[in-house]
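Participant: So the chains spell out like this:
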Amino acid sequence: MNGNTDSNVLNKKFSRRKFLGVTKATAIGGVIAAGVIGGVAGYLAGSTSAPTVVKTQPGVPTTITQPVTKTVTTTASVPVARKLRVGYIYVGPVGDYGWSYGHDRGRRWADERFGVNQVESTYIESVPEAEVSGAITSLVEKGYELIITTSFGFMDPTAEAAQKYPDRYFVHISGYKSGAAGNAPENMSAAFAEFYQLYYLNGLAAGAVTETGVVGYVGAYPIPEVVRHINAFVLGANYAYKKRTGKNIKAHVSWIFEWVAPEKARSAAIALVEEKNCDVLAFTEDTPAVLQVAEEYQKKGRKVWSFSHYSDMREYGPTAHLTGQIANWGPIYLDFYRMVATNSWQTADIWTRIGDYMPYRWRLPPEKSTAGKPEGTVYLAPLNPVIPSEWQLEIKKKYEEMKELIFEPFSVEGNLGEPIRDQNGEVRIKNGERADHDTLWNMDWHVEYIEEPLPR
Amino acid sequence: MSIEWIEQVLQLTVQMGTVYLLASLGEIYAERSGVLNLGLEGMMLMGAATSFMFTLAYGHLSAILTSIIVGALMGLILSILVVDMKLNQVVVGLAMTMLGAGLSGFFTFPEVRKNLLLRLNPSLPEEVLLIQQAQKLPEIQIPLLSNIPVIGKMFFSHNLLVYFSFILSIAMWFILFKTRIGLTIRSVGENPSMADSLGVNVYMVRRMTVILSGVFASLAGAYFFIGFHPFWREGVTAGRGFIALALVILATWSPMRAILGAYLFGGVETFQYRLQLFGLGAQSPYFLAMLPYILTIMTLIIISTESIKKRIGAPASLGIPYAREE
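Keeping their order, the protein sequence lines are chains A and B. Taking my numbering, I'd label the letters of the first sequence as residues 1 to 456. Taking my numbering, I'd label the letters of the second sequence as residues 1 to 326.
Source of the hints: derived by calculation from the structure; they are not laboratory data. In this text, a Cβ means the ideal position worked out from N, Cα and C, and glycines have one as well. No incorrect hints appear here.
No more than 25 angstroms apart at the CA atoms, straight line, and that leaves these computed lysine-lysine pairs for DSS-like:
#, chain 1, residue 1, chain 2, residue 2
1, A, Lys397, A, Lys368
2, B, Lys136, A, Lys300
3, A, Lys242, A, Lys430
4, B, Lys136, A, Lys299
5, A, Lys303, B, Lys136
6, A, Lys373, A, Lys397
7, B, Lys136, B, Lys114
8, A, Lys397, A, Lys243
9, A, Lys242, A, Lys397
To list a few chain A residues with every Cβ distance to chain B over 10 angstroms, as calculated:
#, residue
10, Pro128
11, Thr212
12, Trp391
Okay, chain B solo, but in the shape it has when bound (with noise of 0.2 angstroms):
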């Protein structure tokens, strides 16, 4: 085992996780302000779609830009149906998740897709119109730190969303715990009532917390398609939404330590492939690939005692719609 060889393992955990700690980033802010989105599956789904469709017609900037705008516009159908009407959020969320498989198959079915990428841009030329795959994101090497050992491929070698869930993870870590905007969200997500005495509009919370997931889900998507690996299938995200939610558990509602978690279950994905050449993992498979669970479902009883539930456990009203009492 060289240097390169843990250099390289390390570099592709990041890659894989960066799709996890994105998607969880927004999930960590809604369910700490007591939304729980369960739509993130089918709002990565509708960024990767969009992204795919866009990195085609105009390149990249524009992929990720409309990217976020669709997440936004996923969030904001969710927070309406979920926020201001108050149903159900688990059944709306999965509800959102069948949306965004139907709508993203939908709009990158060959035929519709090659009539909405000439309506985007009328002079591509026609072998773009039905393949499947994308230009990827190109890695930026940052200079001189990207030399360090071990940790320069690890951190400075990616493309630029690697580094943007860099800031962002450590930017809302210190928005939701050390500034007066995350005490609201996590107040509202606490004790909705108390906190609306207090003068705070616990339904713009909510809804902007939500519209952030969805961005941030809508970004995971898009990042897992130009960012990890460009070919475009119905459902391409499979299942890694689910993933991130058991991540949001995982690193119980902290984007610091989701960037372990998502780190993990990347690094997990990475492995087991590598593990099989040494005669190892073949026989079972899904054992390695079930062990983050594990990490997860032993998270939540630990967190469900009662002198650990007070420091950290999930935030008090979680999947409780808030109604006013007059």
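Just chain A, with the same shape it has in the complex (with noise of 0.2 angstroms):
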């Protein structure tokens, strides 16, 4: 943090501390008594909740004053012990199960993390589009230092919030605009936690269990990401299916036009298995609605099989799941936090795939795998024992591969040794290419398995 921006808000806002800071500057026994003063000014400018915290600039004592008269004193050479106020913005309910509640499962992991009392977080939920400025001013008036905002919509409005509060940190969560890709000012990132390889491995999955030959994929909007996904989905049940019968799978696409809407990704999931007979179905809906068709249909003793997407939703379909692709975006949080707290900020465009933030980032041996255990901000949800071992111990390996990025689902070893083309028989991924960032992040084809044309 800049200390001159950061006296700036303090001579704005809170005079008072600015003159604090300046005579613990200079006097480091007049610590206690600038506590009580500072914590009068952090009274009076609005903190209401204890305990109350005195914000102070680096290298320099540091104080706490908490109401049940306890004062702790620090100097320079001990970590400087503040806490850290972040806001969230999410753009859904947080009581529901799609995305905005994984948002907020991941603050809470990020502050148990970076301890409970280190950091002060709030979140403001069900935002619409259009009132995220107002929500970001009231957060950066309130004293939020670190704002998340978790919606593509609130890409632009927090650019500008950035531009206009140079001394506050900004993330913004799936858009393309950071300090880092030099489209935003320096005081704001960009993050994403991307499922394609994972969904790549599902098709894998799919492949292997598929009888019909035929999958299907209930889409939320045709935008790249989720083009993206299906195309890996489809070529990894391609891999599988093909390796096993010689055939080339049989795909399916049925949008809804949602991000959250179970009833129509109900009527969508049984379109699928009942029109073209898909016995695998994988999703971009926020709700295991899906997952729970496939459930329905397993009681009734046909075997259609699907997914978790974001959390684990076994419960929704304890027979009917095959395996997954979960997020955890705690990681990227707490990363943030602490760049905060030390003030060490780096705008960041952050794109986390397999073997990002994880503890251990080497591949391991396929029976050694962590592929269906929590790690990193992306894993795979646990294995259904159906999948045939030979093709589990498949998967364990590409997935141990990919967190070493050796192995990469948009490429000619993605696809069989095939070069991959799309619906118009044009070749997309040639022989020893890539996918690499752009094509992925724009890629507007599907892949020729896929039967209907991709809406535009």
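Take the two lone chains and join them into the complex the hints point to.
Facilitator: Following this line, the structure appears as structure tokens:
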């Protein structure tokens, strides 16, 4: 943190604190008295709940005054103990199963790891995209230093706020604007937990268990993120199915044009099973609706399989659950907490994949693989024993290889040595090529095994 | 297109359409007596939330019964506000929608839900307290009848609430058009002061129909949750209460025509995902979803012409609070 900008804000809002900062820099003896004044200032500034915290500049002694008559004093040589204030803005309700719930779980995870006494985090839920500027301003006014906005539509207002409040830090989830990318101020970072590798592994599981040779996908919106997940899933399914039977997989996609719409996902899933005889269904929709449909078919004696999405959804389909993709946003948040707390901010454009934020990032032999266990930011849900053991090993092998980015789904290796073609037969990934960031980020074509055209 | 395919599409159409049918049946009575219940969506949400909680705590029967009670209470509040206090029906109705959405979200918020469930039934196992799904209503196949080609699956292979909606829509049509009670309700909606002068208790009739619409809306919500897709989220009915309001116009305030209208809306919703798999509809997904609304607007245009208005038009004093002139 730049001391200059910091004192600017103090000047504007907390003039007593600035005064306080100056005295403390000169005389350590005044620390306790300053703490008391700071406590009063903090109280006047509107902080309501205990404990009251005095924010100080780095490199100077810090005081924490608690109502319980306990005063802790540290000097610069000891790690700075101040309470970090983090504000989150969610697009949906947190009481939900979906996207915002996942972020809130990440928030709690990060708070716990960082130390609940070291951080004070809050959130504003169900913020419509048009009203996000107001929500950011209110968090800034309440003194939150790190503000995390978690919906694509929040991107531009977040970038504007970063411009307006250079002394605060902003993290935007699922967008492409950051100081690192050069299209936003330095105090803004972007982050996303990317699933396409896990979708490929789901595809392997699908191809390994399908009896009809037809897989289905319930898609939210035809945007590059979902398109690459569908393509990755279908490539994986084709890999396993072709290796098993020598035939190409057939894949069908039904779009619901909603992120959260369990009843629509239900209708779409039923349509895929009944119309096209799909027996494995992957999906991008924030509830376990598709898995629930698969489970209902299982109960009726028809073998239909599905996956977890964002959270472990096994309880919604104990029989029908094959595996799935799970995200933990916590490590990403924790990283930013640490940066802000230690004044070591670095703008970043984070796109986490398998292997990122994992304590042990080297690949393990398949039989020792951690596939199916929580680790890092994106990981595989537990594998259902109905997946034949040789394919379980294959999934684990590829999972481990992806930790070191040895294996890439969008390469000829991911397609049994064949170049990857789109629906018009045009070669998109040639021999020796691996999809790069921009290819993945802008993907607007379906792989050849998908029957329906991509709506545009 | 085999027989099975048609059977299945029809069956799913009825499953989806029942949500709209149940919600619109009560609304038809309320509007026939001159009260516009715009709080339908909120009442559906309350019914869905109640059925969710009580299915977890005590099972389906308690869920259906309690959602009827909750719906009646919501209807009672609305009737006090718009019938007795004569407040603006549009404003109060929208407020009821927000009230229902807020309350249902609050009671089902994870922490609150956990505590409430433990209060309701302390013996519930830990894993049930935070789950977001409930047991679905079982399907009851009616012997012999459910084997009839085409209509067997459509009418005789459903859960209890669907059968209930069949019987009710016919019974409610009969009551509304063939009995004295129905005549009273309609006269109150057409000309309340005339009805009053003939000795009809206008306020009581309107109170009753509004409470009835609350009960049916709540049942529709309960059906949507435990009968159609048992996954809870805030705002689970996703605006279907407003679709039911459009359906009442499309059905021109007749429970019989509401059956057709409900299955039209339901059918379109089911059909649109199937159409995509024939390579249609994904380019403009809202086109098919729009069709029932176009029909509704056309209905409005048709019934606003003078000659037809007299026969099947809107109740003349719909939305106008009745104040007795002493």
